[in-house]
Amino acid sequence: MSTVSLAQFHQVFFEESLEGLDVMEAALLALDEGGGDAELIHRIFRSAHSIKGGAATFGFPEMAAFTHEAESLLDELRDGRRAIDGPIIELLLRTVDCLRGMFDRAQTGQPLADAESENLRQQLAVTVGRDVIVTAGQANVGTLATSGWIIQFRPHLGMLAGGNDPLRLLRELAELGTLSVEAQLDRVPTLDALDPAECHLGWRIELTGAVGRDAITAVFEWVEGECDLSIEPISVVANSVEPNLAAGTLTEGIDAVSAPVMQNIVPKNAATGSNDAGSVRVGIDKIDSLIDLVGELVITQAMLDQFREDFDPTRLALLQEGLAQLARHTRTLQESVMGIRMLPIGSVFNRFPRLVRDLSQKLGKQVKLEMVGEHTELDKTVLEKIGDPLVHLVRNAIDHGLETPEKRRAAGKHESGTLRLEAFHRGGSIVVEIVDDGAGLNREAIVAKAIQKGLIPTGEDLSDDAVNELIFQPGFSTAATTTDLSGRGVGMDVVRRNVVDLGGSVAITSRLGHGTTFTITLPLTLAIIDGLSAAVGNECYIVPLVSIVESVQLRADAVRNVVGGGELFRFRDAYLPIVRLHEQFGCADARQHIEDGLVIVVEADTGRVGLFIDGLIGQQQAVVKSLEANYRRVEGISGATVLADGSVALIIDVAGLVRMQSRRRAA
Amino acid sequence: MAKILAVDDSASMRGMVAFTLRGAGHEVSEAENGQLALDTARGTRFDLVLADVNMPVMDGLSMVRELRVLPEYKGVPILMLTTESNTEKKMEGKAAGATGWLVKPFDPEQLLATVRRVLG
Numbered sequence: 003m004s005t006v007s008l009a010q011f012h013q014v015f016f017e018e019s020l021e022g023l024d025v026m027e028a029a030l031l032a033l034d035e036g037g038g039d040a041e042l043i044h045r046i047f048r049s050a051h052s053i054k055g056g057a058a059t060f061g062f063p064e065m066a067a068f069t070h071e072a073e074s075l076l077d078e079l080r081d082g083r084r085a086i087d088g089p090i091i092e093l094l095l096r097t098v099d100c101l102r103g104m105f106d107r108a109q110t111g112q113p114l115a116d117a118e119s120e121n122l123r124q125q126l127a128v129t130v131g132r133d134v135i136v137t138a139g140q141a142n143v144g145t146l147a148t149s150g151w152i153i154q155f156r157p158h159l160g161m162l163a164g165g166n167d168p169l170r171l172l173r174e175l176a177e178l179g180t181l182s183v184e185a186q187l188d189r190v191p192t193l194d195a196l197d198p199a200e201c202h203l204g205w206r207i208e209l210t211g212a213v214g215r216d217a218i219t220a221v222f223e224w225v226e227g228e229c230d231l232s233i234e235p236i237s238v239v240a241n242s243v244e245p246n247l248a249a250g251t252l253t254e255g256i257d258a259v260s261a262p263v264m265q266n267i268v269p270k271n272a273a274t275g276s277n278d279a280g281s282v283r284v285g286i287d288k289i290d291s292l293i294d295l296v297g298e299l300v301i302t303q304a305m306l307d308q309f310r311e312d313f314d315p316t317r318l319a320l321l322q323e324g325l326a327q328l329a330r331h332t333r334t335l336q337e338s339v340m341g342i343r344m345l346p347i348g349s350v351f352n353r354f355p356r357l358v359r360d361l362s363q364k365l366g367k368q369v370k371l372e373m374v375g376e377h378t379e380l381d382k383t384v385l386e387k388i389g390d391p392l393v394h395l396v397r398n399a400i401d402h403g404l405e406t407p408e409k410r411r412a413a414g415k416h417e418s419g420t421l422r423l424e425a426f427h428r429g430g431s432i433v434v435e436i437v438d439d440g441a442g443l444n445r446e447a448i449v450a451k452a453i454q455k456g457l458i459p460t461g462e463d464l465s466d467d468a469v470n471e472l473i474f475q476p477g478f479s480t481a482a483t484t485t486d487l488s489g490r491g492v493g494m495d496v497v498r499r500n501v502v503d504l505g506g507s508v509a510i511t512s513r514l515g516h517g518t519t520f521t522i523t524l525p526l527t528l529a530i531i532d533g534l535s536a537a538v539g540n541e542c543y544i545v546p547l548v549s550i551v552e553s554v555q556l557r558a559d560a561v562r563n564v565v566g567g568g569e570l571f572r573f574r575d576a577y578l579p580i581v582r583l584h585e586q587f588g589c590a591d592a593r594q595h596i597e598d599g600l601v602i603v604v605e606a607d608t609g610r611v612g613l614f615i616d617g618l619i620g621q622q623q624a625v626v627k628s629l630e631a632n633y634r635r636v637e638g639i640s641g642a643t644v645l646a647d648g649s650v651a652l653i654i655d656v657a658g659l660v661r662m663q664s665r666r667r668a669a
Numbered sequence: 000m001a002k003i004l005a006v007d008d009s010a011s012m013r014g015m016v017a018f019t020l021r022g023a024g025h026e027v028s029e030a031e032n033g034q035l036a037l038d039t040a041r042g043t044r045f046d047l048v049l050a051d052v053n054m055p056v057m058d059g060l061s062m063v064r065e066l067r068v069l070p071e072y073k074g075v076p077i078l079m080l081t082t083e084s085n086t087e088k089k090m091e092g093k094a095a096g097a098t099g100w101l102v103k104p105f106d107p108e109q110l111l112a113t114v115r116r117v118l119g
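So the sequences go chain by chain: A and B.
Using this note's numbering, the first residue of the first sequence is number 3, and each one after it goes up by one.
Using this note's numbering, the first residue of the second sequence is number 0, and each one after it goes up by one.
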């Protein structure tokens with residue numbers, strides 16, 4: 003029946019509500035730390051209130067009912083009728099979790115309420131001191147029929163200023179039955195005393211027909227207190243045990259009445275539940291600057307357009323200026339558009355106060371969490387994928403890094419450990435550091451473990467960096483007992499793999515007794531990379547600039563052939579394998595002789611190799627297109643891009659090539 | 000067709016209101032809190048303002064009070080979109096200068112009916 007499908011707003015509702023839950027959680031944790039700030043409670047209340055309103059509007063009555071209980075409790079806290087204590091905060095935190103679960107289920111079209119949510123709802127209701135059973139209370143509104151009504155309606159002088167037009171009220175009354183209206187002009191002042199913004203008229207209205215008093219009071223609902231109103235039946239034909247209904251009490255029943263209406267919409271939601279195409283919320287300022295830029299672009303285009311009609315060589319300078327302007331605008335536009343995908347890392351950091359609180363309580367450790375640089379912006383895709391690795395590192399830091407209060411005391415440190423999450427820009431990258439002041443990596447324990455696992459031979463002399471690197475080896479774990487917190491079968495190798503897949507890297511520094519720092523370096527965006535274009539036969543490949551160490555021209559005698567190891571060349575203090583790209587990717591007409599081409603030394607976390615190419619074409623920015631989405635995954639290739647001349651170039655996945663190379667050597 | 004300002008901090012609620020009203024041929028501007036609504040309302044005279052009560056930065060009641068001070072907003076209908084179905088809260092809205100209210104949850108039909116009511 004409705005002309006508007008509410009389902010189209012579900013995604014926005016889910017997103018803003020999940021954000022609201024994050025806000026609630028953060029504020030609850032701040033309260034937990036002793037901040038009795040009224041604004042915190044208001045913030046929590048507002049979030050719950052919005053979720054309740056949205057849930058009821060968009061067809062999630064169970065969620066609305068659940069949130070209603072939480073809201074009642076929050077209302078008491080807000081008004082100071084109830085003090086905030088640990089158990090209340092715990093209860094509300096569980097409410098947040100429960101609502102998150104409800105949203106998960108709502109997104110996949112499952113029933114929202116479960117045993118846990120029912121249980122919690124009752125607990126909330128009991129806490130507030132209310133009867134749990136919701137009375138399906140239809141307001142007992144008298145729909146008494148009479149042959150008609152006499153209505154005396156005299157607006158107060160200020161009623162018009164409040165936006166209520168008496169004419170509207172009369173029109174609405176006319177829809178109810180037959181109307182006969184008599185204007186009362188007795189209070190109209192003389193013209194010089196008349197203020198047109200004030201209402202001086204009154205009306206005596208006779209409404210005939212089978213009309214209930216409730217219908218009439220509903221018409222006058224908004225002007226109660228702004229007018230003198232009397233409603234008298236002309237002659238009562240039905241039982242006259244009518245309650246004296248004041249306008250305003252009528253709407254008491256509306257919440258209950260609307261609920262079944264909302265229920266009908268639920269199946270629609272289920273049908274569209276799988277639609278989870280992501281969206282980004284963008285600040286107005288970003289959009290405004292885009293619109294400005296497009297405006298500039300249009301002007302430049304118009305200016306360049308003049309040259310199409312009549313090009314006079316004397317105006318060459320003007321044309322060049324126009325083209326330079328176009329280039330500048332295009333670049334700024336590109337940056338602005340990329341900026342739309344950028345979101346503050348705070349949205350990922352937000353989950354940590356809760357995680358740290360729960361984890362430290364569970365492990366009996368005291369942890370002070372510091373977060374710095376939450377406003378640092380990252381590409382949405384990077385942001386979505388960095389969460390899990392960060393969670394893993396934070397868990398590790400609390401589980402394995404920070405010591406128990408007793409141990410810390412014994413070591414002469416403060417009982418409570420500090421865990422710092424910091425995000426900042428460095429060059430063209432974003433750096434995220436996870437710093438703990440715990441025990442630090444234990445060199446002996448790591449080496450012993452690595453030997454036991456057969457990762458290294460006994461008696462090998464390793465540098466500190468090499469020892470730290472060991473923890474990134476698959477299947478490595480230093481904890482004497484694997485707790486259920488960190489030891490979930492996911493090791494540091496997976497953390498590193500995830501970060502490398504995002505085009506980033508993980509480094510580790512540690513001092514025994516002083517703590518450990520994990521440094522994650524991430525690219526600003528995945529959508530555009532800076533690269534060098536390299537010619538190989540008739541093909542062009544893009545090598546990401548960040549991976550390039552150096553390019554060298556080799557003499558034929560600098561190349562060593564090793565049995566089973568392919569070609570090697572000496573670069574600084576090491577021998578690096580040569581990967582001939584034309585062989586790797588089967589390119590025709592490529593240069594074969596090592597002296598005719600160029601070797602680019604590239605570096606990944608796992609090592610360096612030399613890429614043999616025909617020559618370099620130039621440096622350029624490449625807009626990355628997914629090869630997987632358009633074709634299939636190809637090892638050693640991370641994507642494709644379209645070149646200025648319209649041809650397609652493949653982008654080299656340096657880490658993948660290095661992996662392939664070391665596999666080949668191991669074979 | 001009327002010029003309507005929809006004020007709500009919830010993007011979904013605002014979106015629903017704006018979408019419904021635009022579908023009915025109205026010109027709708029949106030604001031996500033009372034302060035932004037005031038800024039918008041100062042530049043253009045709207046025929047109707049629909050505002051949430053609970054909002055960060057500036058709540059709906061304060062917004063109505065500020066709006067009513069402006070000479071061009073004397074007599075302009077301002078409706079509160081409120082979940083508080085108790086009389087007391089509604090009267091607070093009235094005292095602040097609101098014309099009336101629409102109780103959440105409402106569906107698009109109810110919204111349009113209410114808007115028709117005030118715009119005639």
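Since the hints were derived computationally from the structure, they do not count as laboratory data.
Glycine included, each C-beta is placed from N, C-alpha and C at the ideal position.
Some hints could be false.
[Unchecked claim] Some, not all, of what chain A presents toward chain B, calculated at C-beta under 8 Å:
| # | residue |
| --- | --- |
| 1 | H51 |
| 2 | N166 |
| 3 | N352 |
[Stated by the list, open to error] Anything over 10 Å on all C-beta distances counts as not near chain B; from chain A, calculated:
| # | residue |
| --- | --- |
| 4 | L8 |
| 5 | F11 |
| 6 | R310 |
| 7 | S338 |
| 8 | T378 |
| 9 | K409 |
| 10 | R665 |
[To be verified] Which chain A residues stay away from chain B? Per the calculated CB distances, all over 12 Å, these:
| # | residue |
| --- | --- |
| 11 | E228 |
| 12 | K288 |
| 13 | S362 |
| 14 | H416 |
| 15 | L556 |
How the hints compare with the structure:
Nearest Cβ of chain B to the Cβ of H51 of chain A: about 5 Å, under the 8 Å cut. The hint holds. Taken as an interface hint, N166 of chain A checks out: its beta carbon lies about 5 Å from the nearest beta carbon of chain B, inside 8 Å. Because the beta carbon of N352 of chain A sits about 17 Å from the nearest beta carbon in chain B, more than 8 Å, this interface hint is broken. With a least beta-carbon separation of about 7 Å from chain B, L8 of chain A fails to lie farther than 10 Å from that chain, contradicting its non-interface assignment.
With a cut of 10 Å on Cβ distances, F11 of chain A falls inside the contact zone with chain B, its closest approach being about 5 Å. At roughly 38 Å from the closest C-beta of chain B, the C-beta of R310 of chain A stays outside 10 Å, upholding its exclusion from the interface. No beta-carbon of chain B is positioned within 10 Å of the beta-carbon of S338 of chain A; the least distance is around 22 Å. With a cut of 10 Å on Cβ distances, T378 of chain A stays outside the contact zone with chain B, its closest approach being about 23 Å.
Distance to chain B confirms K409 of chain A as a non-interface residue, since its nearest Cβ pair spans about 44 Å, more than 10 Å. With a closest Cβ-Cβ approach of about 49 Å to chain B, R665 of chain A is found to remain outside the 10 Å limit, as its non-interface label requires. A beta-carbon of chain B comes within 12 Å of the beta-carbon of E228 of chain A; the shortest separation is about 7 Å. Taking the minimum C-beta to C-beta distance to chain B, about 15 Å, the non-interface status of K288 of chain A holds against the 12 Å cut.
The claim that S362 of chain A is not at the interface with chain B holds, since no C-beta of that chain comes within 12 Å of its own (minimum 31 Å). No Cβ of chain B approaches the Cβ of H416 of chain A within 12 Å, the least distance being about 37 Å, so the stated non-interface status holds. No Cβ of chain B approaches the Cβ of L556 of chain A within 12 Å, the least distance being about 59 Å, so the stated non-interface status holds.
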